[in-house]
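On the provided structure of chain A, position chain G as indicated by the hints.
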Amino acid sequence: MPVNKKILELKKKREQVFLGGGEQAIQKQNAMGKLTARERIVALLDKESFNEYDLFVEHDARDFDMEKKTLHGDGVIIGTGTIHGKPVCIFAQDFTVAGGSLGSMHARKITKIMDHSLKMRMPLIGINDSGGARIQEGVNSLAGYGEIFFRNTLASGVIPQISVILGPCAGGAVYSPALTDFVFVVDKISKMFITGPEVIKTVLGEEISMEELGGARVHAEITGNAHFFALSEEECFSQIKKLLTFLPWSNTERSIVTEPKLPKKNFKITSIVPEDARQPYDVRNVVRSLVDDSDFLEIQELWAANIVIGFGKINGGTVGFVCNQPLVLAGVLDVDSSDKAARFIRFCDAFNIPIVTLVDLPGYLPGVDQEHAGVIRHGAKILYSYSEATVPKITVILRKAYGGGYIAMNSRHLRADFVFAWPSAEIAVMGPEGAANIIFKKEITTAEDPEKMRAQKVEEYKEKFANPYVAAAKGYIDSVIEPGETRNMLTHAIEVSLRKEIGMPKKKHGIPPF
Amino acid sequence: MANSKTVKQAKAGKKNIPSPCDEKGMNCKPLQIEETIYNTQYTKKFENRKFYQPVDPNKILAYIPGTILKIFVKEGTVLKAGDSILILEAMKMRNVVTMPFNGKLRKIYVKEGDIVAKNFLIAEIE
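Top line first, the protein sequences correspond to chains A and G. Residue 1 is where the first sequence starts when you use my numbering, and the numbers rise one by one after that. Residue 1001 is where the second sequence starts when you use my numbering, and the numbers rise one by one after that.
Do not rely on the hints blindly, as some may be mistaken.
Stated by the list, open to error - No more than 25 Å apart at the CA atoms, straight line, and that leaves these computed lysine-lysine pairs for DSS-like: (1) G/1050 x G/1080; (2) A/201 x G/1070; (3) G/1118 x A/201.
To be verified - Calculated from the model, a selection of chain G residues having no Cβ within reach of chain A, i.e. all distances over 12 Å: (4) 1041; (5) 1056; (6) 1072; (7) 1097.
As the list claims (entries may be wrong) - Some, not all, of what chain A presents toward chain G, calculated at C-beta under 10 Å: (8) 203; (9) 276; (10) 435.
What the hints contain is simulated information worked out from the structure, not anything from laboratory work. All C-beta atoms, glycine included, are put in the ideal place defined by N, C-alpha and C.
With the rest of the complex left out, here is chain A (with noise of 0.2 Å):
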């Protein structure tokens, strides 16, 4: 066969391929609104970046007249590309292709690229859109999905990990967008549950729609399965890229450093928080007001509102920002907001982004469903985190600084580098009614009008304790600053801390109170 001839015959054989499971099933993929796997790849990825490798990968099924069967590329596309010009590892479940089913080969193409990531030190990104394991290849398929697990695990803290629900990830399959560091999902779109609407319902007797079960608002705003919800696939590619203008591409680099801007002048630092400590405000214009450009991006941003995490850039390097939301339920510490806190804090811990806090909370939500729920157990997490976390660490207290949520919020005490706080933050063991009730109770209840007395030992204990000096005094503080002084400050203590060397005990791994 001469040359050309054989040139032919290969671009023939991929064109046949590109079309994955054929005109009829792309339409039918095209017509639930969503794209195909291939054109995902072209919309995240720069233009003409991709290179796709096992192209040819047939499966390897053997019953039930599979072997009769031709399934191209096994129904998953796998190689690589660049986005914002740095090179990044993917894969893409073709759903017209026996419905993205996982056979071996298919797992095994995924194993392949996801070994590349972490060998080359580049971030992984997944796009989902399966039916589930392929029932036909057994075991085999179990088996595939163990050993994408495992190799989720092993890359987690070493290069930055993305998962892409485009559609159904149901079963065991959920379980490698859990172990890795952000999840997207998209309205109407994706679909995550571990056991579906119809088992349910023969089993349990329960009715529920897939949408309400595990659709992409579920999982933004109940679960917190999701870091980023988005209205369309197109808005959600341009959230990963976003994202990845804040990542290291491994966790022995610092990420992209860009051109340090100015906050915008419409974000004001000095006429957000409002002077009494009883009233609300969104701490997101305090950071807002901090970062470069006023460009924050934020995680998770739909649940545990009472808590907010992010990034942003400060002098043009990354920061990752954990802030009480005085907003939202006054910012108190829970279940959800602790889980949501610590785990970020980690991914930060583990990829060199300086973390910022931002403190304002009046301590722990009380109840019985919090207690039942094991608020101490997951409150536990982000002392854990605070203390285990070695890149800078900075807090600024804003304004309440209570108990318990004083500590735990990154204090002196977990070993911050620095502690600022505005004139404004009130650092004592509780808020001043409840302080004065206790200390003062006999000269409360014997006075001869109690509530007058006991409005004025509140401003007596306001006086005395709510202010930042009593723990500056201490040297738990390291400097009063003016709000105007914030940035600067922040700039200086940031570049500084990240010189800091420190050790941690020798152990093979700590043991979190997951």
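Positioned in the frame of chain A, the structure of chain G alone reads:
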């Protein structure tokens, strides 16, 4: 009494504190932490939280959702602790629900073939 006090305080708190977030249509509500009432938004989860119900030892509840496969006893029977009352099948397991202590079975609220949700009241002991 403790409850009515909390509600009263909360209402008073809402009245006393001028609320910028109400003015801006941000739908703030009072939340009491220790003795202080804060002006803040609720989350859906917080609004839907279940209040604690003390456990009544005389009530036998389904500890798992499932199907009532077989009922062994009739209402009014006097039973000893450990005696079988019925089989609650769930996740292909046949769970025998037994008497927690000696007593008379006052009422059975299910019949064979019923599908019950978790914490559904199955039977009551006198």
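Now for the hints, and whether the structure bears them out:
1. G/1050 x G/1080: Violated - the C-alpha atoms of residue 1080 of chain G and residue 1050 of chain G are around 34 Å apart, more than 25 Å.
2. A/201 x G/1070: holds (21 Å)
3. G/1118 x A/201: Distance of about 14 Å is within 25 Å: holds.
4. 1041: It is violated; residue 1041 of chain G is separated from chain A by about 5 Å at its closest Cβ, not greater than 12 Å.
5. 1056: The claim stands: residue 1056 of chain G keeps its Cβ more than 12 Å from every Cβ of chain A (closest is about 16 Å).
6. 1072: Holds: least Cβ distance 22 Å, greater than 12 Å.
7. 1097: holds (17 Å)
8. 203: Holds: closest Cβ of chain G sits about 6 Å from residue 203 of chain A, inside 10 Å.
9. 276: Holds - the Cβ of residue 276 of chain A comes within 10 Å of chain G, reaching about 7 Å at its closest.
10. 435: With a closest approach of 8 Å, the residue 435 of chain A hint holds.
Violated hints for the displayed structure, listed by number in ascending order: 1 and 4.
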